[in-house]
Amino acid sequence: MDLVRDVLDKRLVDREDCEMGRVDGLVMELGERSQPRITHIEIGGNALWARLHPVVTRLAAKLARKWGPKRAAPVRIPWSRVITAGREIKLDVEAKETGAIDWEIWIARHIIERIPSGGHEEEE
Amino acid sequence: MKKFLQIALGIVTSVGGFLEIGSVTTAAQGGASFGYKLLWAILLGTICLIFLVEMSGRFSAVSKHTIVDATRERFGFPFFSIVLLGMVLVAFLVLVAELGGIGLSLQLLTGIGFRWWAIPVSFAVWLVVWKGTFGLIENGVSLLGLVTISFVVAALKLHPDWHGVARGLLPSLEGDQKAKYGFIAVSILGASISPYLMYFYSSGAIEDKWDVTYIPINRIIAVLGMSFGGLLSMAVLAAAALTFGPNGADITTFDKAAQIMTSALPRWGLFLFAVSMLVACLGAALEISLAISYFFAQGFGWNWGESIGPSRVARFSLTYTIIILLAAIPLVLGIDPIKVTMISMALTAATLPLAIVPFLFLMNDPIYLGDHRNGWISNSVVAIIILISFVLAVISIPLQLIGG
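Heads up: the sequence lines are chains B and E, in that order. Mapping of the first sequence onto the numbering used here: position 53 corresponds to residue 220, and the numbering continues sequentially without gaps. Mapping of the second sequence onto the numbering used here: position 1 corresponds to residue 630, and the numbering continues sequentially without gaps.
Honestly, I wouldn't trust all of these hints.
As the list claims (entries may be wrong) - The list that follows gives simulated cross-link-like pairs (lysine-lysine, DSS-like), each with its CA atoms no further than 30 angstroms apart:
(1) E:Lys632 with E:Lys838
(2) E:Lys838 with B:Lys257
(3) E:Lys838 with B:Lys263
(4) E:Lys809 with E:Lys968
(5) B:Lys263 with E:Lys693
(6) E:Lys838 with B:Lys177
(7) B:Lys177 with B:Lys229
(8) E:Lys693 with E:Lys838
(9) E:Lys809 with E:Lys885
(10) E:Lys760 with B:Lys263
(11) E:Lys631 with E:Lys809
(12) E:Lys968 with B:Lys177
(13) B:Lys263 with B:Lys233
(14) B:Lys257 with E:Lys693
What the hints contain is simulated information worked out from the structure, not anything from laboratory work.
Isolated chain E (complex conformation):
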């Protein structure tokens, strides 16, 4: 019974924690610009994420190491410091985007501009991490995140064309606007396959003291949780496609993005959109702040743990305090969170090999995993999807920058 509850909670929290400003903005942009044609990118990203999350949980349950821990140990400090630098820079940009997303949601609800929200929002996020425990962040915020299911309701109420949806699940090439198509595809992949999620998940498995008996539970949570999560992203894309029609507008503001909800639910749409985004971005901001601190603490061998008093894990606490403070600065200066989102998602895709390639080596290392090593299917699926994302990123990011 207890295990069953754990499975249910795990699935529910991964569904609730799936959407954030990255997945919503990129999916909405994809639907508004190219109809259902980019659904395949979400499908591909979700499949890859299922494998990666399953691996992260299995790795920590069997080896009792977090991924960061093992990366430093296995590859040494010089290589580790490159991974650290790359991952922390990208995660920091994503944190700016998420804090901005909370601000934009509050702007929708109150009419007060997001720049004014930057400081109070950062303070609130910091306070939750400072005072809260790991369980609170993992379960509490994600449970609230279930409000994002309203995107599915919106998509269904707009009556999608199921044939178009099915065709969109198969990759296709766009005739004109190839650079934009590629860039959005890359951003969607980057939004789905977030490395910080792996670091967070594997640290969570250690905080919750997982062992080998958790392998089946871990598998169920990864498959069901991430699949339902991917469905939410697809619902956002479909709703955007139906609201704006093919070759519709660029989604440059939250007001515009909110139309995907208001077109289906005129009375409650705006409120539901704002609350969904608020909770989703809050959950992501908390997870990223913690993931960055885990990265430093585990890499350098500091005491760490979200459920221990701040002064007993002083360097760990100082890290998230500084990171959250720094992330507020660009927002106060008025940087556009939606632009930061699109760029940080594409950069995530471009830096995926840095995170995933060493991880795949670890997943095949008998010292850590013994008989629970990866099989050839997991290795090839992840390697191929990472390769596709990387190639697409390298081609489309420069093209998009040149084309504006």
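Here chain B stands alone, though its shape is the one from the complex:
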């Protein structure tokens, strides 16, 4: 598997096929004796902005402190949760519980549902 071609920037979906972002970063473990191996997939936040420029990262962090869902750690999904990696990468998780769609839920609750006929994020 070619990490950059087949994994990085691919779409991520949970076991219910709910979109949960893209592979914005990969976490690798380097042991002294063992081979390097990929341990986690990183989603959103710093992992993404750091690929552009440090200034963008600082700006995004500043905005995130004022707005949106509060979250201290970046979203990391263990590599062992990968079910399939093809057109998209399917993960054996529930999107809501990972924190990957915190923003989606926050915007739905705080903005969209307050607009008439915006509906409710929970309903099917």
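Using the hints provided, position chain E relative to the given structure of chain B.
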């Protein structure tokens, strides 16, 4: 039978959706300033658009990816963010122009200035996207857009000189006023080859769940739909040439542009022009708002879909809500929609390589398209036309800005 209906609907909607403030203003300006001489720019733009639309549909039908999706995946986030920034800025300007076009049409119909229409018009556009479904926007508005065929009636009633028309289809250089000639040619090319149309079309192919069996249908729709659409633009140019004569006036207002219709149809002309522009700009405004939201949602991996309730695609819905709101501001402040149109069309032409070059790489990638990759003809036709548009844009935009 079902497929036949789909083809018919596809063609009809692409004809109805072809004209918008960009194509009408640039074609009318071209005809009024240089007679039939700029017809070649519409021909070239339309040929390029036929290839691009065919490719967009084929890409999504075969790879099950939208163009944006694949651009992020294949080229990575840093490059993607440059394309995103460029495309969204230009598309935003075009959205301002289209909302302004709706306002100007209402001004023609009611006499109330377009600035007063900015807020109600933006609200109406937002409401259609918020409440409507993809089918409604794709088919409903485009069907109404068939009223733009009245431009063909107007052109025919003015009895064009067919020899002049034929000569105009071949590129020629203008003796004096080279900067203006080049600038209008670039704007016409930018108005014909709209990248947002590709993003919209490829997202539509995914929303409508196209597969490989749609390739022939897609080809027919692209060729016939875009050719008829191009004919409409040519009719606008010819009608303007006949109304104003060579070296005629600059088209700076909608009242002036409406003369191309009233000179042929004195009784109904003004009304037909206003309604045609209203529907055409409305359709384009809806498509662009959606295209911008698709761009963000697909690029960042958000849930998206026009036919899903807004709260279940919250970030997607928030994006078009903000974009439409922002686009109303310059209009409320009184910016001239026609000026915005000319500038945004030229900028579209200048930024075409940013959208098209990565797309051509994708169209030749066996990972996505397997045996359905581009052949050398599609590659060269599109590459050459994009190169011509880009060179013309780089030369003529600064000249036009210096010359005022």
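Structure-based check of each hint:
no.: 1; hint: E:Lys632 with E:Lys838; result: holds (14 angstroms)
no.: 2; hint: E:Lys838 with B:Lys257; result: holds (20 angstroms)
no.: 3; hint: E:Lys838 with B:Lys263; result: holds (26 angstroms)
no.: 4; hint: E:Lys809 with E:Lys968; result: holds (14 angstroms)
no.: 5; hint: B:Lys263 with E:Lys693; result: holds (26 angstroms)
no.: 6; hint: E:Lys838 with B:Lys177; result: holds (20 angstroms)
no.: 7; hint: B:Lys177 with B:Lys229; result: holds (27 angstroms)
no.: 8; hint: E:Lys693 with E:Lys838; result: holds (8 angstroms)
no.: 9; hint: E:Lys809 with E:Lys885; result: holds (19 angstroms)
no.: 10; hint: E:Lys760 with B:Lys263; result: holds (26 angstroms)
no.: 11; hint: E:Lys631 with E:Lys809; result: violated (48 angstroms)
no.: 12; hint: E:Lys968 with B:Lys177; result: violated (40 angstroms)
no.: 13; hint: B:Lys263 with B:Lys233; result: holds (22 angstroms)
no.: 14; hint: B:Lys257 with E:Lys693; result: holds (16 angstroms)
In terms of the numbered hints stated before, the structure departs from hints 11, 12, listed from lowest to highest.
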